[in-house]
Amino acid sequence: MYENHEQDDVEKAEPDTGRNTLSSISSSDSQHDAIDVDSIQRSTSRTEPGEKSVRPSKDLKRTASNVLSRVASRITTRSITNPPPPPNGGLHAWTQVACGGLVIMCTWGWVNSYGTFQSYYIRELGLSSSTVSWIGSIQNFLTFVIGAFSGRLLDAGWFVPCFAVGSLIQVLGIFCMSLSTKYWQLLLTQGIMTGIGGGIIFTPTMGLIGSYFSTRRALAVGCATLGNSIGGMIYPVIVQQLLPKVGFAWTARVLGFVNLACLGLALVYLRPRLPPRKSGPMVDLSAFKEPTYALLVAGLFMFMWPNYYTFYNITAYGTQRLNLPFTSATTLTIVLNGVGLPFRIIPPLCADRFGQFNVVVPILACFAIIQFTWLAVTSIPGLYIFTTFYGIASASFQCLIPSTVASITPEMNRFGTRLGMMFSTVSIAALTGPPLGGAIQGAMNGRWWGAQTWAGIGLALCFALMLGARVSKAGWKLGPHC
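Just so you know, we're using the UniProt record's numbering here: the sequence shown kicks off at 1 and counts up by one.
Keep in mind that the hints were calculated from the coordinates and are not lab data.
For every residue, glycine included, the Cβ atom is placed at its ideal position computed from N, Cα and C.
The reader is advised that the hints may include incorrect statements.
[As the list claims (entries may be wrong)] Each pair of labels, with its calculated beta carbon distance range: (1) Ser-379 with Pro-276: 51 to 61 Å; (2) Gln-241 with Leu-285: 43 to 53 Å; (3) Ser-286 with Ala-249: 45 to 55 Å; (4) Lys-182 with Lys-477: 56 to 66 Å; (5) Leu-125 with Phe-288: 38 to 48 Å; (6) Pro-291 with Trp-250: 49 to 59 Å.
With the hints as extra help, turn the sequences into a complete structure.
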């Protein structure tokens, strides 16, 4: 009687999924547990002639409970260490992509719109381009370098508190920026505070998005990086429209409220999919022993060096070299970011079909040629044409960076760490590039051709290193999906 009753209880306690999981448990443990259960059942059903059945003792009940606890523990452990495969779509996965787009808008859209502020600061503070560039460069550098540590926090399961702290620091930096009237104050608030906050939230978010996709990862990341172009248009438009009417302080506060709303919404919906990886170092230096990863990082270093010099100084080139008014020069920043919107989707679609490096390398070849054409720009229409093609090339390449790193990462629970290491390495180029270009320009008495040539050489070297990474991974054959 009690034997049947106890078996019914066990069956009710174990769902169907548990039965399937039990079949995969090691044979020795399964046999041991089966023997324990059988012995318990025999003990509980044993009766003397003429006597009524005896209820099991407390010790036997405790033994049965321990057996079931061990079984449940194994089931739980297996479900944690072996998560289901990425969904590669669905409402929840694409919600992560949409919220990731808001995060990228508030981080890299904000960084890419600094050129609007640079031309304003040069005019209002009376400082050189090289000096003012340090505000944007430090902001850029910190957004990258903090990623090495914040990326590991995603792997360790600390995404939500990490994201909340980073959002608070970034938004607070923008509101404090509205009170700034001196160069050092802008360096502290817009440069350091917003850079630290952006670095804390950006890399974990990119790693989180990548974990939801395997077959369409490049497309997902490309959709998220639309926020880069959208932010690069929205912030300059706000500055262009509000700055002459309400002044710098209230313009900055409006920008702060925009970021507060977007990051608050992202905090509500962004959730990691993979289980925490509690052990392991903050950095994975063994990755640099892989030739493909090392060449990829070196190529990105050479890309970051000239790229942000061009982004930050294209409006200054219009005002200083071609005598554009400030409002018209601000339109250049809007065009530079806006034309890249469709090209943050098309290259990822091609990359998912043909391979990351097979798409990245031709884009960089075109990018280097476009960079050299800046030397020939001597008119306002020519500047708008150059800005258009430069924005297309930059967006096409930047949207593929995270998915390219993912394509050479063997274990996705280390993706956040590797992405953070890459961003931290190239942060040195992001820090020194704009001031270095400005210093070259200053050494040539304000002439631009020296810095423009340096920028073109940097992108040519980036192309060569990325080609080397592609060859390291798949050889010279054109066929492999690489």
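Results of checking the hints against the structure:
The hinted range of 51 to 61 Å is satisfied by Ser-379 and Pro-276, whose Cβ atoms lie roughly 57 Å apart. A beta carbon spacing of about 48 Å between Gln-241 and Leu-285 agrees with the range 43 to 53 Å that was offered as a hint. At roughly 49 Å, the beta-carbon separation of Ser-286 and Ala-249 lies within the given 45 to 55 Å, and the hint holds. Hint check: Lys-182 to Lys-477, Cβ distance near 58 Å, so the stated range 56 to 66 Å holds.
Distance hint check: the CB atoms of Leu-125 and Phe-288 are about 41 Å apart, consistent with the given range 38 to 48 Å. Checking the proposed 49 to 59 Å range against Pro-291 and Trp-250 shows it holds: the Cβ atoms sit about 52 Å from each other.
When each numbered hint is compared with the structure, no violation occurs for any of them.
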